[in-house]
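Asks: Take a look at the letters that make up each chain.
Protein chains: 2
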Amino acid sequence: MTVSEIPAPNTGLADYLQRIDRVLNAALPAADTDPARLHEAMRYACRGGKRLRALLTYAAGAVLGAEPAQLDAPACALELIHAYSLVHDDLPAMDDDDLRRGQPTVHKAYDEATAILVGDALLTLAFRVLAEPQAATSAAAQLRMLQLLADAAGSIGMVGGQAIDIESEQQKIPLARLESLHARKTGALIRCGLQLAAAAAGATPQQEQALSEFGRLLGLAYQIQDDVLDESATTEVLGKTQGKDRAQEKSTYPSLLGFDAAKALAAQTFAQARAALALFGEHAQPLLRLAGTIEYRDH
Amino acid sequence: MTVSEIPAPNTGLADYLQRIDRVLNAALPAADTDPARLHEAMRYACRGGKRLRALLTYAAGAVLGAEPAQLDAPACALELIHAYSLVHDDLPAMDDDDLRRGQPTVHKAYDEATAILVGDALLTLAFRVLAEPQAATSAAAQLRMLQLLADAAGSIGMVGGQAIDIESEQQKIPLARLESLHARKTGALIRCGLQLAAAAAGATPQQEQALSEFGRLLGLAYQIQDDVLDESATTEVLGKTQGKDRAQEKSTYPSLLGFDAAKALAAQTFAQARAALALFGEHAQPLLRLAGTIEYRDH
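Sequence order for the protein chains is G and E. Numbering follows the numbering used here, in which position 28 of the first sequence is assigned residue number 28; successive positions increment by one, without gaps. Numbering follows the numbering used here, in which position 98 of the second sequence is assigned residue number 98; successive positions increment by one, without gaps.
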């Protein structure tokens, strides 16, 4: 499928995109409040992006029959965590990237110290947003969501995955290690979006388990595809430097399996993710459509 | 008062010190769990230190008649936030310090990328610890504590103070701006320890207000004294590079007021902090003793 054939996001997704932008805008400190430069840079760090984690959270809520308002806090918290992780990952001591979403990274647009503080502030704000009392969610459910988010984001989740990624640079690592790296680095937060939606919507244990498994497989498929796209797409389409993984001699699915086998594995894993939603029958549509949009993306 | 005249910590404080070390040890991931290097570095970042924020929390709990176990989670969360902030503040792009508590800073003992991730992981763990269900604290009170901590640590609190500090380097700033800088950078977290103790112990609004005001004044006194000590103590006693503020042409209380006036202001502010506890009568002793230990420290 070429770029021109990618299906336009359906109305539901477009609504969610507008909604998460509104929610983020309300959660972020105003750019003219003290310290203004930090607050402006926090907003800069949260501009654009695919909002995949928020979309997944809203779509999972729709599958469970929840109101979008019930998902605002977890969707916003996830996007704040994701935004902070990109700001810190792009730092010179980490991946050293100048370009993100087609624009200068935060440490390029501002400076390194500000980028470190922006990440710290966004991470802190994520927990602030999720700790705010919600009319439709019990305090006990909110505490559980805060624990899930902290586990997904911390040293046994996303931050741990990034640490393993840095250790693994310039060496071939076994496929199982690569999978465990990505399960933490990107998978944990994607899966967390599904788990938070289940917690916010009061899902049954079976429903929560199915959504969590969908999240695990989707996160894996997403990462395999990310590696494939890094090999095949142009820098212009990606909005970040293309072929960077290969240049850094990072282990990737294409480098370990070959390009075609990696592409086939991505398709197979997307199919497994869809199958995990069988429990929901027709109600699974919002998540299935979103999975399709992700599978047929070009960046 | 010279170093040899400093009163030994009373038994209560020594007990609290042992207790917070045990609690931190239990909260931090084991150093042999994956990713082992990150987890080891997280523990390295939390070693030693005065544990001032934890001691304040336990002592405030004692003033309110609470059991120490009720204060374990907030005391631990505060020390994790404090430890993360030191790791990030010491980074080359920030204060660029090689020495902390007399030993190499995390980015010197490990590397810069690890130091960034250690800070992120400790910050995340702080919220994880405070979100863990507590037998003696209601879920609603815990959510309130999480909000207080996020506000004290984030862009309107500690991180915002650090941003203002960086903006203010190599320039004279007015005394009011210096005070607002420190109220955020160090004051917010110290005050938060008192507020969390009040929330955990179910204090009355009057008690909470008095503790919060004590925290505000103590944090201010502590910072003025810190500036004074940076001018007068030796690098060996401080455990960090002495005279660094002056070398960086930072505005400090001594540089704005003169050394003797700054010293007098510190003493006066400590006295005001003590006066804020009048409400508690004799029960204020644990906090009064701790304030004394802080006032007569040499580093």
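Source of the hints: derived by calculation from the structure; they are not laboratory data. These numbers were taken from a predicted model, which means no experiment stands behind them. Hints are supplied without guarantee of correctness; some may be wrong.
Copies of the same chain look alike in the list, so a pair counts if it fits in one copy or across any two.
Unchecked claim - With a straight-line cut-off of 25 Å between C-alpha atoms, the simulated SDA-like cross-links for lysine to any residue are:
no.: 1; residue 1: Lys172; residue 2: His283
no.: 2; residue 1: Lys50; residue 2: Ala136
no.: 3; residue 1: Lys172; residue 2: Asp32
no.: 4; residue 1: Lys108; residue 2: Leu13
no.: 5; residue 1: Lys172; residue 2: Ala262
no.: 6; residue 1: Lys108; residue 2: Leu86
no.: 7; residue 1: Lys172; residue 2: Ala275
no.: 8; residue 1: Lys108; residue 2: Gln171
no.: 9; residue 1: Lys108; residue 2: Glu169
no.: 10; residue 1: Lys263; residue 2: Ala199
no.: 11; residue 1: Lys108; residue 2: Asp96
no.: 12; residue 1: Lys172; residue 2: Pro205
no.: 13; residue 1: Lys172; residue 2: Gly258
no.: 14; residue 1: Lys250; residue 2: Ala275
no.: 15; residue 1: Lys250; residue 2: Asp34
no.: 16; residue 1: Lys263; residue 2: Gly49
Asks: Failing hints, ascending?
Replies: 1, 2, 4, 7, 10, 12 and 14
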